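4 protein chains.
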Amino acid sequence: MISKTNGSEPFKLVSREFKPDKSIVKFGDIEIGSNEFIVMAGPCSVETREQILETAQAVKAAGARILRGGAFKPRTSPYDFQGLEEEGLKLLAEARRATGLPIITEVLSSEDVELVAEYADILQVGARNMQNFKLLKRLGRAQRPVMLKRGMSSTIREFLMAAEYIAFHGNSRIILCERGIRTFETATRNTLDLAMVPVLDELSHLPVIVDPSHGTGKRKLVMPMAKAAVAVGADGLIVEVHPCPEKAWSDGQQSLSLDEFASLMEQIRPYAALEGKRIAATEPGPLRLEPMAFGQGASAQV
Amino acid sequence: MISKTNGSEPFKLVSREFKPDKSIVKFGDIEIGSNEFIVMAGPCSVETREQILETAQAVKAAGARILRGGAFKPRTSPYDFQGLEEEGLKLLAEARRATGLPIITEVLSSEDVELVAEYADILQVGARNMQNFKLLKRLGRAQRPVMLKRGMSSTIREFLMAAEYIAFHGNSRIILCERGIRTFETATRNTLDLAMVPVLDELSHLPVIVDPSHGTGKRKLVMPMAKAAVAVGADGLIVEVHPCPEKAWSDGQQSLSLDEFASLMEQIRPYAALEGKRIAATEPGPLRLEPMAFGQGASAQV
Amino acid sequence: MISKTNGSEPFKLVSREFKPDKSIVKFGDIEIGSNEFIVMAGPCSVETREQILETAQAVKAAGARILRGGAFKPRTSPYDFQGLEEEGLKLLAEARRATGLPIITEVLSSEDVELVAEYADILQVGARNMQNFKLLKRLGRAQRPVMLKRGMSSTIREFLMAAEYIAFHGNSRIILCERGIRTFETATRNTLDLAMVPVLDELSHLPVIVDPSHGTGKRKLVMPMAKAAVAVGADGLIVEVHPCPEKAWSDGQQSLSLDEFASLMEQIRPYAALEGKRIAATEPGPLRLEPMAFGQGASAQV
Amino acid sequence: MISKTNGSEPFKLVSREFKPDKSIVKFGDIEIGSNEFIVMAGPCSVETREQILETAQAVKAAGARILRGGAFKPRTSPYDFQGLEEEGLKLLAEARRATGLPIITEVLSSEDVELVAEYADILQVGARNMQNFKLLKRLGRAQRPVMLKRGMSSTIREFLMAAEYIAFHGNSRIILCERGIRTFETATRNTLDLAMVPVLDELSHLPVIVDPSHGTGKRKLVMPMAKAAVAVGADGLIVEVHPCPEKAWSDGQQSLSLDEFASLMEQIRPYAALEGKRIAATEPGPLRLEPMAFGQGASAQV
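Chains as they are written, first to last, in this note's numbering: chain A, 3 to 304; chain B, 3 to 304; chain C, 3 to 304; chain D, 3 to 304.
You may find that some hints are simply not true.
Identical chains blur together in the list; that is why a pair holds if it fits in one copy or across any two.
Unchecked claim - Keeping only pairs whose Cα atoms sit at most 30 Å apart, straight-line, the calculated DSSO-like set for lysine-lysine is:
id, residue 1, residue 2
1, 279, 220
2, 14, 222
3, 222, 279
4, 28, 279
5, 249, 14
6, 92, 139
7, 220, 14
8, 92, 28
9, 21, 222
10, 139, 249
11, 220, 24
12, 249, 222
13, 220, 21
14, 28, 222
15, 14, 139
16, 222, 24
Hints were generated in silico from the structure; no laboratory data involved.
It should be emphasised that the depicted structure is a prediction, and the values quoted were computed from it without experimental measurement.
This is chain A alone, in the form it adopts within the complex:
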C-alpha cells in the first residue's frame, strides 16, 4: 500500500512481512495489542502527591489500566513549568503502589533513560523526539516497553523507521501512538490522523494507541474522537485527566475532569464491544470516595 523504498532502506523488523502476526506487548498482567482495549490516563504533568494519587485512583476506578503522568516535560518555552523530574517519578511510583496501575511517563533524553526506567513500566517518546536517534538507540537497550509517538510532521514511513531504530538496537516491545499531525487547520491543536490506525495495522505488527487529547487540544473533542479511535480499530487510548483541569499546570484545556473521564469510559465500552474487545470493569464505590478526600487536599494546596 505504501512504497517502502523511497530514499533509503525500508523498515524490516517492525513490518508485517517480517512478522505477519500482530505483536502483543506484555508486562505484568497487561497485554497491549490483545483483545483487551487498554486505556492509559492521567495528568499531563505530575504536580502534587494529592493530584496524582487522586487521579490514579479515579482513573483506575473508571477502568483505566495504566497511569500516565509527565515528570520530565518538553515545553515550548523555557519559562514554562518543566516538570518535577525525579520527584515526579517518585510520586508516580507511589501512585502505582497505591493503585496497582503500571506507569507510563516520557523520557526526554538518552541520558535519562536509566533513571526513568527505574520507575516507569513503559517509556514514552514524545512527538518532538521521534527522530532523536540517540534516544531511540538507548531505548533499544532498555528493559522496558517503549511507546513511540508520531512526530507532528512525520510520514508513516519515518514513523516506522524510528520504531525500527528501537527494534534494531534490541528492544522489540514497541507501541505506536498516533497523536495528530500539524496542518494549516487551526480550529484544533493538531489534526488527528485516524486513517493511520488501519494503515499502520497493514504495514506493521506493532500495536497502535491513539491520543485524542493532544490530537485535538480541546476537551469537548476528546470524547467523540475517542469513540472514533475505538471504531477505527485502535488497540487503546491515552487520555489526559486532571482533578481540576482549570488549575492544571499544563494542557488544562485538553484535559478531562475525573467525572468526564468516567463518562468517556462508559461511552466507549459498547464501541469496544462491537470491535470484539473488552475494557477493564469499573471498580466499586469506596475507591471513588477516597479521591474526594484527596481532592480537598489538592485544592487546598493548589
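Place chains B, C and D on chain A using the hints.
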C-alpha cells in the same frame, strides 16, 4: 471555540448563534440531520446504463437512501474522462425511476446549475469549487438542497463562509461534507479530518456528511473510517461504489464493490444504533438478484 | 526531475519536451518571458476613477508595464466588497487610455470570459479557480493571453495540468504565476514557494511571474521577496499598489503606497541587470506630479 | 507583526524588544551578522581524510569562510551510514589545521556536547532536534556559538522559543538557520521559506543563515535559491559540497561539486555587493591545484 472575527465578517446565517437548533434538510421522504443516518452511494462517474442501474439497485438493497454518480467530472488532466454530461444525468434519472432513490450529482459551473437541477435532487459542490463564488451565488437561488464539500486546504471558517454565500443568496437547505484535507502525508490520498464533525456541529446548525472514499483514496480504509465517522457523530456518509472497481473509469482504487458496500452497511448499523440513529433496512432477496443480471450486461459491455 | 506519470496523463503541450524553447507571450509591444523583466502593478480592487487613474500613472512612471486591478473580486465572505464588476472594467479601460498601459484583471467564471475579454489585455485566473475546469476550457477559446495563478495547495503537476487544459482547448498564450501556498506557518499569509520558479522553468516553456503581495500578505515583506523573485529567475512580478493602502477596500495590509512601489522598482533594477534583464525606464517628472492632483481628489472622495 | 503571546511566555532575550541592535556572533576573525556575507560549505558527511581535506581547500579557495561536515549523522533509517563520529571530528580538526577554516558540525545529543565542543568552532542543532530541550539547555552552558536550524514543521514562534532556551541557559551566541519546511509539495525535498529571513530580522536580533541544499534537496535548485537568499537579506549560507556528489555517502543529489560551488560563489558576489555585503576573496591558483591531487586519492579510495 473558533475565532470568527479573523479578517472579515463572520458567518451568520449558518451559525448556531443565529439558529441554535440543528437544521434538518428535507426532500421527499428523506431528512438529513435527523435521527436517521443517511448513506449516499454510487459510482464516481456514471459510465453506462447497466453500471448505474445495477449499482443503484444494489446500494438501495443494502440500505443506501440516496444515489450518487458523477455526470460532470472535474479531472486534473484534460486527457482524462470528463463525464457523460447530460447523458449521464438522464441515466441517473432512469436509475431514480427504477429504484426510487433520489440523486445527488456534482455541478461544476454556474452555467450548469439550471440543467443539473432539472435532474438532480441534491446539487453537489466539489472541493475544488468550494470558493467558486459565482457558483455559490447561483446555488443560492436554486430550488434544490446543496451539499458543499470542504476545499482540500480550506479552514473551517472558510468552509462556513462558503456555506454562508449560499444561505445569503437565498438557499438555506445546505449540507456540509468533510472529505479530507491535503497534508504532507502520502500514505493516503487526503487526511480525513474527523474532528471537524464535532467542531462543525458546535459552530453551525447544518448537517454534516463524511466522505471516506475521497477522504482516504484507498478501498481498504473506507470501512474503518466509515465506522469512525458514525462514531464521531456524522449525519451520514457518501461512499463510492462500483460493480467492478477494477474497471471503473475513474477512482477505482477507492471504490467499493457491491458486496463490500453491503458489508459496510451491515458493519455500521450497530455503530449508528449506539449513536441513537437508525439506518434504512436491507431489502429482500429479489432485488439483490437483479443486479447480477445487469452485472453480466455491464461486464459484457465494458 | 518531477515524476509526470503519477495517476493520469502527464502534461504535454506546456512541457519542455514538447517545446524546448522558452515561450514568449506577446501582445502590443510587450513580451513576457523575454529579456525584459515585466512588472504588473495596481490596486487589489478598482474602487474609484481617481484611485485607478492615479495608481496607473504612478506605476507607469515608476516603470510598471501592465496595470492590474480587480473588478470581479473573489472574497471569502459574502459580506465583503465584491468588486465594481463591469463598471470596474470600464474604469480600467479608461486608465489604459490615459496611460497606454495594458490591463490584467481577474475573470471569475466561464460566463464572464466574453465580457472581461472585451476590456482586458490579459485574463487572470485566481488561485481559488485554478481547477475551475469549465473556466479553463472557455479560456482555451479566448483571444487573450491568460495568467494562471497556482492554487493555494496545488502541486506543480496539478498547476501544469491546469495550464494544459487551456493549451489543449486552443490557447497557448499562458503565463504561470506563483503566489504562495498554504502551510502551517501563520506569520505570513502564504508561504511564497520561490523554488518553483526554477522548477517550472525546467518542466515547462511557459513564462513565470511571482506575486510577492499575496505571497506574503505583509507590506514589509513585499520588497525583500520581490528582490528574491528577481534573483531566482522570475520573468516578472505582479504587485499590489494603492494610493492610500490604509483606506483600501481590500488587501490594504499587503499593498504598497505609490512611493513604496517607486522605491521597489528602483531597488529591483540592479538585480534584474544581474540577471541580464532590463526594466522599463522611469518616466519624467510631469507624470509624477499629476497623480498628486488625483490624490487630492481621491482622498476627498474616499 | 507576529503575536508573541499565544499559549505561553513569549521569547524575550532573543527579541528585538530586548536588544534593538542586531547581534554579531564573533569567533576568531569571523563575524556572522556583520557586513560580511559568510558562506559555510562542505560535505554532508565526513567520509575520508582525502574527501574532507580536498573539499576544505576547494571551498576555502572559492571564498567559503567556515567548513561544514557531519560526524554524527541523524539518519531516518538505522541501516544508513550514521557518521564517523569522533573519527570524523578528528578529520575535521585536521582540515582546519590545513586550511585555517573554522568548523561547524552537528551535535545530536546533550551527552555529546562536551566531545563535539572540543573539536568544533560552531555547534549545529539539526532540524529534528530543534525541540530537544535537554540538548538546548546543555548548549546554553557551552562555550561555543550555536547554529539552530528551524524544525521542519516549526512555526517562527517555536523557533525563537527554542533559541530562547539556549539564551536563557547562558549562551547568547546563537545563529538561526532557515532550512525549509515540510509541505504537501513533493517536487522539492522541503519548501524553503525565504520570507522568514525578513520576518526573523524584524522579531529578533540574531543573525540568519539560509540552507539552500536541504531547503530544496536538488542540486540544480541550490544556485537560484542561494542568490534569492542573498537578495532577501540573509547573513550567510550553508551549502553542501562534495568532490564527487554521485559517490557521496549521504545527500549526494543535493550536493554541489567543487566546481559548481566555485561557480556559485562567483554568482552570488554581485548580489551580496548590492546588499552592501562583502564576500571573502577567491584565493590564488596553487591552492586550487592541490585539491586535484587529493581528488585522485579520494577517487582511488572511494
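Each hint tested on the structure:
no., hint, result
1, 279 - 220, "both (27 Å within a copy, 26 Å between copies)"
2, 14 - 222, "between (39 Å within a copy, 23 Å between copies)"
3, 222 - 279, "both (25 Å within a copy, 21 Å between copies)"
4, 28 - 279, "within (17 Å within a copy, 38 Å between copies)"
5, 249 - 14, "between (45 Å within a copy, 26 Å between copies)"
6, 92 - 139, "both (26 Å within a copy, 24 Å between copies)"
7, 220 - 14, "between (37 Å within a copy, 23 Å between copies)"
8, 92 - 28, "within (23 Å within a copy, 45 Å between copies)"
9, 21 - 222, "between (39 Å within a copy, 21 Å between copies)"
10, 139 - 249, "between (37 Å within a copy, 28 Å between copies)"
11, 220 - 24, "between (32 Å within a copy, 22 Å between copies)"
12, 249 - 222, "within (17 Å within a copy, 41 Å between copies)"
13, 220 - 21, "between (37 Å within a copy, 24 Å between copies)"
14, 28 - 222, "between (32 Å within a copy, 29 Å between copies)"
15, 14 - 139, "within (16 Å within a copy, 35 Å between copies)"
16, 222 - 24, "between (33 Å within a copy, 18 Å between copies)"
Hint check: no violations occur; every hint is consistent with the structure.
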